[in-house]
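Enquirer: Below are the chains, spelled out letter by letter.
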Amino acid sequence: MVITCIVAPLALSAILGFAFGNGGPSGTVTIGVTGASPALVRAAEQATQFPPDVAIRIVPDAVGVRGEVANGTLSGGVIVSRSHHMLSDLLVPIAAPGAQHSPGFAVIGRPDSIVARELAESLAAGLASRLYAGRVTPGSATDRAAITITTGDLGNGGQRVLNYFAPSIAVIFLFIGSGLGMRSLMLERSAGTLVRMAAAPIRPIRIVAGKLGAILITGLTSILVVWGVTSSIFGARWGPPAGVLLMAVGSTLAMCGLGVFLTSLARNEREAFGIALIVGLFLSLLGGNLLPPGSLPPFFQTLSLGTPNGWALVGFGRLSLLGDPAPSVIGPFLVLCLIAVATGGMALARVRRMVEP
Amino acid sequence: MAVDNVSFSVAEGECYGLLGPNGAGKTTTISMVCGLLRADSGEVTIDGHPGGSLEAKAAVGYVPQDLALYPDLSAHENLHFFGQLYGLRGSALEARIEDTLALVGLSDRADDRIGTYSGGMKRRANIAAGLLHEPRLLVLDEPTVGVDTQSRHAILETVAGLGISVLYTTHYMEEATKLCQRIGIIDDGRLVAEGTPRHLIDEFGGADRVRLTFRQAETAVMELACGQLPGVQEVRPFEGGLELGTDHGAGVLPTLVQTAGQHGVELTGVEVLMPDLEGVFLTLTGKELRD
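Residue numbers (our numbering), protein chains in the order written: chain C, 1 to 357; chain S, 358 to 648.
Think of the hints as simulated: they come from the structure by calculation, not from any bench.
Heads up, a few of these hints could be off.
[Unchecked claim] Distance windows between CB atoms, simulated:
#, chain 1, residue 1, chain 2, residue 2, range
1, S, Asp456, C, Gly331, 55 to 65 angstroms
2, S, His406, C, Arg270, 35 to 45 angstroms
3, S, Arg547, C, Cys337, 49 to 59 angstroms
Where a beta carbon is used, it is the ideal one built from N, C-alpha and C, also for glycine.
Extracted from the complex, chain S is given alone in its bound form (with noise of 0.2 angstroms):
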């Protein structure tokens, strides 16, 4: 079974983003959204009408993971084509290829092969192509694996910028915590939590994390001394070093940095770590995000 029981909804204007590893279930679980597959329970509904209907997706812009556009035509002739399937025609098919294209800044090649066009330049055409209806619910299924930095950002300014009801599915921690009002994680084909960022961290990141090195020799000395300090819960060796949790990652620094000098120990490194999506992740799953 691809995706068991996953039950969650998006408001209007909101983006909710679908996070979880390869293989976790996220495009099974918009392919469902958009129609492109029966579920065998359960039921989809968007803006009110039954998944895979017609009215369904006539509100849904899909944003496949892949390219799925016409290599040989142009950005234009892509966008007028399947403008049409969405029973666009005449001027206003023409305005709208226009503002989209200005969208994603590909206004200028407008005229040029898909073909033509780099990695980055491509995915935003998808993206267009999905955006050329105005519609209610934008499903993207991972838009922005294989592009370069400057590209990925371009996507994610317009993805942020659109002001509408957005289903983001990544595998990048760093792009749902920047994008998602809520994010779903999908492990398995399970949605094993759901929340805005702030609280899936604050309920499961757990603790923050403070990362000392130092010459191995004093290993034992500062791992007695750390143990017995204030605020700190646990201490446990790292590489090169000790690893402490604690409440407040921050807070504790003077108090480390001091008890170091009162035991001769030089610190050669130091760094807080403070919970994420990561962390998240790995406490629900079990297992890297990146698996």
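Only chain C is shown next, with the shape it has when bound in the complex (with noise of 0.2 angstroms):
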């Protein structure tokens, strides 16, 4: 219950926020760079447009860059060389599959920091444009380039994966969520507390009351809990929260209803955790959760609109990416509702044949 509440969702929203998100714990990577004006630097650090948590600095002589990628008070280093100027040798700094080193530049990385390698050839990259822009020789660029570049506000990219994929996976979690729910039912019956439970002055409906309850309890904790930590923690947009509420309890009725019932089709707890998987995962995939239905062909968005999955995270996306207001999903969410008076009836059915003499 802990794990599938809490546990699990945060572990969810951690990775996805580490990933994608804004608010990570990361510490500063600072890249040294030797050969470079210091208006040089500028200029390239302007035109790369480093987050604000790399920082650049410029370091006397190759000899030091080396010596402090190699001890780790830099994470990453550039040297740019004065005897190579030419457009030739500086076109391709950056050390692509199959590409040549640039003779103009020398990219100094980490074996255990892929991050900062990358940064230290964007910041090469950034060197090479503004000298290739400017037709200067590495010593002597002034802070005016020769041509200016105009950049529009790209946005935080991360950020829109995050605001995609946050609801996206909680949404599929609620349904193998609530299989292995259905598996610990299973589980019971198969322990003979089930019985037990049966033979007791209570009414059926009551344990299977409790029983769904607990499963929809917990799917609804784990997708709110994925709210709270990737939008507090680490900056995602879900959108107004009446409407995220709205979207979560309709995914969690759908969701869960689909969940207990295909579940509740295993002969054995076995089986039911292997359907909560594999159709969690053909759903995920049908539904859009691993790849936006937008980058899919169309008969494929078309057919992801046959999911309750599909539905809830055409809801989440007006909300957090198109911005719409709450109102914008009483649509998907009747739909979903639909989808869980559907699948929760039949589910219904088949725990209550589990309990009922």
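Assembly of the complex is requested from the two constituent chains, each provided in isolation within its own frame, with the hints serving as guidance.
Expert: Now the structure itself:
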């Protein structure tokens, strides 16, 4: 219960947050540069648009850069050669697969920090672009570049990914979580504790309601935890809270209804476990939880609306990606409720049969 | 059809045994008594309430054959949970847990996880869960299957000392004989006989049997001599000797020994077999109880 409600959603939120969010507790990455004037470095830094936790420091010489990267003081380094400033020397500074190393640049990295190496390569590319644009030698560039590059606000790509995937993964987790909840009911049946409950002076419907209620509460708690953690710690934007709550409730009812019904078809807990995972993966692919429906052919986009998670993503997408107001999700919410009534009704009948004489 | 035309009653304070082999219909019968299965026809009445009703369920303590407790919880935690299902709360529940665990001898292991218990201790904890709410009728489904002799003895002692109505299913005739005031013999879903153990044995147990063993060469002589003795109703060959049917096995023994001596036959073994429930079952169903 604690694992499904709290631990797993927290882990899920943390993975998504650290992967795509902007509030991760990462330290500052310092990249050292030598061989370029401060003005050139500033220009390159502006052109590269590093995140705020990346610092650039000018180091007197190449030996210093190599030494500081080796001892960990610097995360990565760029050495600009003053003897190679022909255009052909400057155009390919990035060590792409199969690419030639530029004789004008040396990018120094550490094997344990791929990110720092990529940042250093980006800085090298930025330096190259400024040198190329200004047709200047490395030591003589001024604050004013020969040409002005105008950039628009590209936004935070990672943030948008987080805005999409946080509800997306939380929704599919609802299905798997409800399947596992149903599996626990089967374990109770095989362990005999369900029979002992059925022999007690309580109405079977109370046992069924207790079991299904626990699955629903667990599911709702898990999605609310993911919402809370990804938005408060990692800055995900789910949209208006009223709409999110509506979608959370609708998604929980539909996904748990379907999850409980499908896993109740299993003959034993092992089958239930398998169904929860396999159908969960299938729905994820079809509904767009793993690949956004927009990236799929139109046929698949239509097909995704045949799944409850597809409708859940329609609602959450309106709120988080399009910035629509809460009432915009009433349609998807009603569809989810319909799915919940259909699958939940069948699930209820299956579970009643397990408990009633 | 799992059971057919099974009818019996258990009196206040009586221990009633349902004796039958595996698959005879014992568990099906008690499942209907406990309200876990619905009968196609007929009725179950418990303490004046229809079987399966909440009142009837409250009057029954059910002890399933297999352990029906949460292995990751302690005995105390298990009893606390199941006690609440029977409406027990607060200090009354705690007192019942304490009393019940003491009754089954598990007070000192109350806070240990059930999963760490031995097989016999698990069975006793299982019984404790059935006794927790002080039922009018305790239904035990083969509670001693697969437990060691010591635990089996402890379980039988506990059940014998309860003083409440007990419905006890078993395929161990010794248990049924020791515990039960009345026994119903069930086979192929039918109650084939019912009564006190003595009555059943007298009625269906057949004659005493005396088994004599001696040298094989003397079988013909002894068969002829024994067949002429008063009180001996039947003589048939038995592995290594003869088996005699008689109304009073112990009574004919001196005459048998004397007859053997007169014919110069040296007896190497004498065994008197009294009729028992095994014999009753054999007579009524034509098969062994443990088939």
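Enquirer: So, against the hints stated earlier in the document, which numbers end up violated here?
Expert: none
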